[in-house]
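S.K.: If you're matching positions, the sequence shown starts at 7 in this note's numbering and goes up one per residue.
FYI, nobody ran anything at the bench for these hints, they're computed from the structure. This structure is a prediction, so every number in the text was calculated from the model and none was measured. You may find that some hints are simply not true.
[Unchecked claim] Below, in silico cross-link-like pairs of lysine-lysine (BS3-like), each with a Cα-Cα straight-line distance of 25 Å or less: (1) Lys511 x Lys497; (2) Lys488 x Lys217; (3) Lys362 x Lys350; (4) Lys346 x Lys363; (5) Lys679 x Lys346; (6) Lys242 x Lys657; (7) Lys679 x Lys350; (8) Lys186 x Lys544; (9) Lys96 x Lys74; (10) Lys186 x Lys525; (11) Lys242 x Lys679; (12) Lys110 x Lys74; (13) Lys325 x Lys350; (14) Lys74 x Lys186; (15) Lys186 x Lys383.
[As the list claims (entries may be wrong)] Cβ pair distances, simulated, as ranges: (16) Tyr406 x Glu587: 22 to 30 Å; (17) Thr118 x Val508: 28 to 36 Å; (18) Met289 x Asn518: 51 to 59 Å; (19) Lys137 x Phe359: 56 to 64 Å.
Here a beta-carbon is modelled for each residue, glycine too, at the ideal position from N, C-alpha and C.
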Amino acid sequence: MSERWNKSFSLEKFLNAHFCSVTARTPTTERLLRSLSSIVEVTSSDIDGRKSLNIIQSLINHQGGHEKVISECNSAISLNTNNHLPFVTKFYKSHRSTLFRLVKALQMGSTTKDSSILDAIDFLLLNQKKKAMRLPYTGSLSFLDQNWKKIIIESNVDEKYINRRHFEACVFTMLVHDLKSGDIFVDGSEQYADYRDQLLSWDDCLALLPKYLEEVNLPNSAKCFCKNLRDTLALKIEEADQNYKNQTSYTIDDSGVPSVTKLAKREIQENVRKQQELIMDNMPERHLIEILCNTQHWLNWTRHFGPAWGSDPKIENPKERYIITAFAYGSNLGPNQAAKHFRKPLSPFALSFANKKHTTIEKLDNAIKDHINQYSKLDLPKAWGSGKSSAADGTKYDVYEQNLLAEYHIRYGGYGGIAYHHIADNYIALFTHFIPCGTWEAIYILEGLLKNDSDVQPDTIFSDTQGQSAPVFAFAYLLGIKLMPRIRNFKGLNFFRASKGVRYKHLDELFNKIVDWEKIESRWEDIMRVILSVRAGKISSPMILRKLGNYSRKNDLYIAFRELGQVVRTIFLLSYLTDSELRGTIDAETNKVESFHQFSDWMSFGGDDTIRENDPEQQEKIVKYNHLLANAVILQNTSDLSNVINNLKRKEGITIDLNAVMGMSPYMTKNIKRFGYFDVDHEALPPKLVSKVPVFH
Numbered sequence: 007m008s009e010r011w012n013k014s015f016s017l018e019k020f021l022n023a024h025f026c027s028v029t030a031r032t033p034t035t036e037r038l039l040r041s042l043s044s045i046v047e048v049t050s051s052d053i054d055g056r057k058s059l060n061i062i063q064s065l066i067n068h069q070g071g072h073e074k075v076i077s078e079c080n081s082a083i084s085l086n087t088n089n090h091l092p093f094v095t096k097f098y099k100s101h102r103s104t105l106f107r108l109v110k111a112l113q114m115g116s117t118t119k120d121s122s123i124l125d126a127i128d129f130l131l132l133n134q135k136k137k138a139m140r141l142p143y144t145g146s147l148s149f150l151d152q153n154w155k156k157i158i159i160e161s162n163v164d165e166k167y168i169n170r171r172h173f174e175a176c177v178f179t180m181l182v183h184d185l186k187s188g189d190i191f192v193d194g195s196e197q198y199a200d201y202r203d204q205l206l207s208w209d210d211c212l213a214l215l216p217k218y219l220e221e222v223n224l225p226n227s228a229k230c231f232c233k234n235l236r237d238t239l240a241l242k243i244e245e246a247d248q249n250y251k252n253q254t255s256y257t258i259d260d261s262g263v264p265s266v267t268k269l270a271k272r273e274i275q276e277n278v279r280k281q282q283e284l285i286m287d288n289m290p291e292r293h294l295i296e297i298l299c300n301t302q303h304w305l306n307w308t309r310h311f312g313p314a315w316g317s318d319p320k321i322e323n324p325k326e327r328y329i330i331t332a333f334a335y336g337s338n339l340g341p342n343q344a345a346k347h348f349r350k351p352l353s354p355f356a357l358s359f360a361n362k363k364h365t366t367i368e369k370l371d372n373a374i375k376d377h378i379n380q381y382s383k384l385d386l387p388k389a390w391g392s393g394k395s396s397a398a399d400g401t402k403y404d405v406y407e408q409n410l411l412a413e414y415h416i417r418y419g420g421y422g423g424i425a426y427h428h429i430a431d432n433y434i435a436l437f438t439h440f441i442p443c444g445t446w447e448a449i450y451i452l453e454g455l456l457k458n459d460s461d462v463q464p465d466t467i468f469s470d471t472q473g474q475s476a477p478v479f480a481f482a483y484l485l486g487i488k489l490m491p492r493i494r495n496f497k498g499l500n501f502f503r504a505s506k507g508v509r510y511k512h513l514d515e516l517f518n519k520i521v522d523w524e525k526i527e528s529r530w531e532d533i534m535r536v537i538l539s540v541r542a543g544k545i546s547s548p549m550i551l552r553k554l555g556n557y558s559r560k561n562d563l564y565i566a567f568r569e570l571g572q573v574v575r576t577i578f579l580l581s582y583l584t585d586s587e588l589r590g591t592i593d594a595e596t597n598k599v600e601s602f603h604q605f606s607d608w609m610s611f612g613g614d615d616t617i618r619e620n621d622p623e624q625q626e627k628i629v630k631y632n633h634l635l636a637n638a639v640i641l642q643n644t645s646d647l648s649n650v651i652n653n654l655k656r657k658e659g660i661t662i663d664l665n666a667v668m669g670m671s672p673y674m675t676k677n678i679k680r681f682g683y684f685d686v687d688h689e690a691l692p693p694k695l696v697s698k699v700p701v702f703h
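Required output: the full structure, derived from the provided sequences and hints.
M.R.: If you want it as structure tokens, here you go:
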């Protein structure tokens with residue numbers, strides 16, 4: 007080594023020797039390791055200290071300087087320790103000035119006793135213009151997890167120093183999280199206001215509580231509430247444990263991971279299939295415009311539409327205009343294309359005017375409700391379901407990227423919004439929301455039932471995996487709604503045991519957590535205050551679930567809802583495992599909403615599933631128009647189907663098997679025409695609405 011570092015040492019030769027083969031394409035980790043190797047080689051040589059420092063400095067400069075090397079080291083550490091947080095700083099850098107202006111302008115407060123994030127923001131504002139990489143910090147860092155601590159905290163002998171850039175990125179990241187969870191509020195905001203101000207007072211709740219608890223069959227005190235739930239959970243576990251050896255529905259391996267048996271596929275009998283084909287051969291062909299005219303005669307649903315004020319401009323032949331408008335927007339043709347396909351001269355402006363000035367979301371909901379109420383009076387839907395349950399799921403619509411609702415969603419693979427439907431077990435569509443792609447769908451699962459004021463009132467709701475979480479289970483239980491999701495990853499969920507000391511012969515390995523009953527009991531009044539406020543309409547369920555659905559380390563109300571939801575979910579999961587018939591029902595009901603998505607997409611043939619509006623209200627209205635059009639076709643198909651069954655019995659003496667009808671649905675499209683030139687004759691008498699099917703009586 008001493009020979010290598012002789013007096014003829016040349017720094018240029020050294021650098022060439024170590025980096026001549028290193029190009030820009032060399033992986034970062036390899037370059038950093040080469041640099042480290044060279045630095046160690048220098049420090050282990052007999053070169054004097056000053057020259058060693060110069061060589062090391064030259065090595066660092068050759069790699070882009072201290073700042074770049076530190077950044078690359080942090081990135082390399084992240085890639086090798088599964089910690090993505092160092093990359094946040096690079097993304098945050100371009101938004102730094104905007105975020106600082108934002109926090110200066112907003113008046114924020116904390117809904118909990120923990121104000122560490124707000125204190126950190128004040129610290130950042132005081133040091134905004136400082137260039138130093140490291141700053142001393144004496145405030146609380148309780149909001150940091152271990153991954154943040156690794157890259158932020160730098161300990162000295164007497165003082166605690168923080169990495170300024172990573173700390174800024176961390177604080178703003180945690181601020182976003184706390185705003186979502188409701189731990190921090192913004193004065194004057196709607197979505198991020200202090201949710202406590204929107205709740206009923208406890209005195210008001212005391213007046214409503216006894217009647218409500220009786221209505222949903224819940225105990226009237228915190229202690230009794232917890233005892234009843236604990237006993238229910240313990241009994242459910244005990245029953246499952248005792249029956250484990252006598253069932254074939256599921257198995258549990260030695261590590262406590264459950265697996266369910268696959269459901270047998272139901273085969274369609276040949277006579278049932280032939281009867282279904284016979285029914286379809288006799289179904290009359292109808293055009294979408296004809297169907298809207300028929301349902302208008304039956305229901306007069308256009309009575310809900312009209313100008314907002316008596317002084318607003320009136321339109322000629324309003325019923326016809328409203329029918330054409332519903333078709334134009336429900337089919338997603340839009341006013342321009344729809345106007346070109348009517349034989350009668352029609353102005354696109356006339357359709358746009360009827361939509362914007364004579365139609366609102368509330369009016370569309372009322373027209374939809376007319377179809378639901380009439381549908382519930384028919385005989386045939388009773389063969390498909392009782393109307394006491396519904397399924398919820400979303401389907402994606404494309405929207406323009408540059409508008410308030412557009413978000414990119416990796417699951418759907420593009421920008422757009424979600425039409426979130428609630429479909430009754432008898433196939434009729436009850437309610438529809440239009441929400442951003444990035445929205446957690448579960449927060450809307452209960453809102454559809456709460457806003458549904460039709461004659462069909464389900465008390466059970468099915469969903470896919472997106473529709474479940476512990477807080478949503480808690481909300482559903484407290485609202486008297488049975489939540490039954492089709493959970494794809496149930497093996498990764500925690501099963502909770504009712505008490506610490508109880509052990510089970512067969513299922514003990516299944517339960518890896520214990521319920522914190524004290525947390526539920528201590529916050530029972532707050533829990534009931536939230537639920538009563540939602541029922542009274544003081545706060546929407548999506549708003550409060552959006553806050554309670556985001557993990558909060560300091561919000562006791564969230565923790566209480568989470569604990570309660572985990573109890574309810576464990577009870578459901580035990581039923582899901584032990585009851586194969588229940589799993590079959592969940593699959594069948596969630597398949598109905600998937601079928602409705604295909605059915606409503608088929609109606610939306612004019613725009614390739616793209617909503618060409620940037621106004622959120624207009625986007626919602628387009629989805630509602632499609633809902634209205636779909637329900638009109640469902641009502642017409644059910645009436646025609648009832649008429650065909652009756653005619654086959656009366657004219658040909660053929661009695662249709664109930665199984666044949668149960669295997670069909672009103673989502674038939676083979677008999678529906680969508681294209682061509684359209685005529686509207688809303689005064690022509692339609693076929694009679696057939697409600698009775700004597701063969702089923």
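S.K.: If a hint holds in the structure, say so; if it does not, say that too.
M.R.: The hints, checked one at a time:
Between lysine 511 and lysine 497, the direct Cα distance comes to roughly 20 Å. Compliance with the 25 Å bound is thereby established for this hinted pair. A threshold of 25 Å between alpha carbons decides the hint, and for lysine 488 with lysine 217 the separation of about 20 Å falls inside it, so the pair holds. A threshold of 25 Å between alpha carbons decides the hint, and for lysine 362 with lysine 350 the separation of about 22 Å falls inside it, so the pair holds. Using a Cα cut-off of 25 Å, the hinted pair lysine 346 and lysine 363 holds, with the two alpha carbons roughly 22 Å apart.
Straight-line distance between C-alpha atoms of lysine 679 and lysine 346 comes to about 17 Å, which keeps the hinted pair within the 25 Å bound. A distance of roughly 54 Å separates the Cα atoms of lysine 242 and lysine 657; the hinted pair therefore is violated under the 25 Å criterion. Distance check on the hinted pair: lysine 679 and lysine 350 sit about 19 Å apart at the alpha-carbon level, within 25 Å; holds. Of the pairs offered as hints, the one joining lysine 186 and lysine 544 holds, with about 19 Å between alpha carbons and a cut-off of 25 Å not exceeded.
For the hint linking lysine 96 to lysine 74, the alpha-carbon distance of about 12 Å falls within 25 Å, and the restraint holds. As the CA atoms of lysine 186 and lysine 525 are separated by approximately 22 Å, the hinted pair is consistent with the 25 Å bound. Of the pairs offered as hints, the one joining lysine 242 and lysine 679 is violated, with about 52 Å between alpha carbons and a cut-off of 25 Å exceeded. Taking the CA atoms of lysine 110 and lysine 74, the gap is near 31 Å; set against the 25 Å cutoff, the hint is violated.
Of the pairs offered as hints, the one joining lysine 325 and lysine 350 holds, with about 15 Å between alpha carbons and a cut-off of 25 Å not exceeded. Under the criterion of a C-alpha separation no larger than 25 Å, the hint pairing lysine 74 with lysine 186 is inconsistent with the structure, at around 34 Å. Restraint check for lysine 186 and lysine 383: not satisfied, since their Cα atoms lie roughly 43 Å apart, outside the 25 Å limit. Here the CB-CB span from tyrosine 406 to glutamate 587 is close to 46 Å, at odds with the stated 22 to 30 Å.
Under the hint 28 to 36 Å, the C-beta atoms of threonine 118 and valine 508, about 34 Å apart, fit the expected range. Separation of methionine 289 from asparagine 518 is about 54 Å and conforms to the stated range, judged on CB atoms against 51 to 59 Å. A hinted range of 56 to 64 Å holds for the C-beta pair lysine 137 and phenylalanine 359, which are about 59 Å apart.
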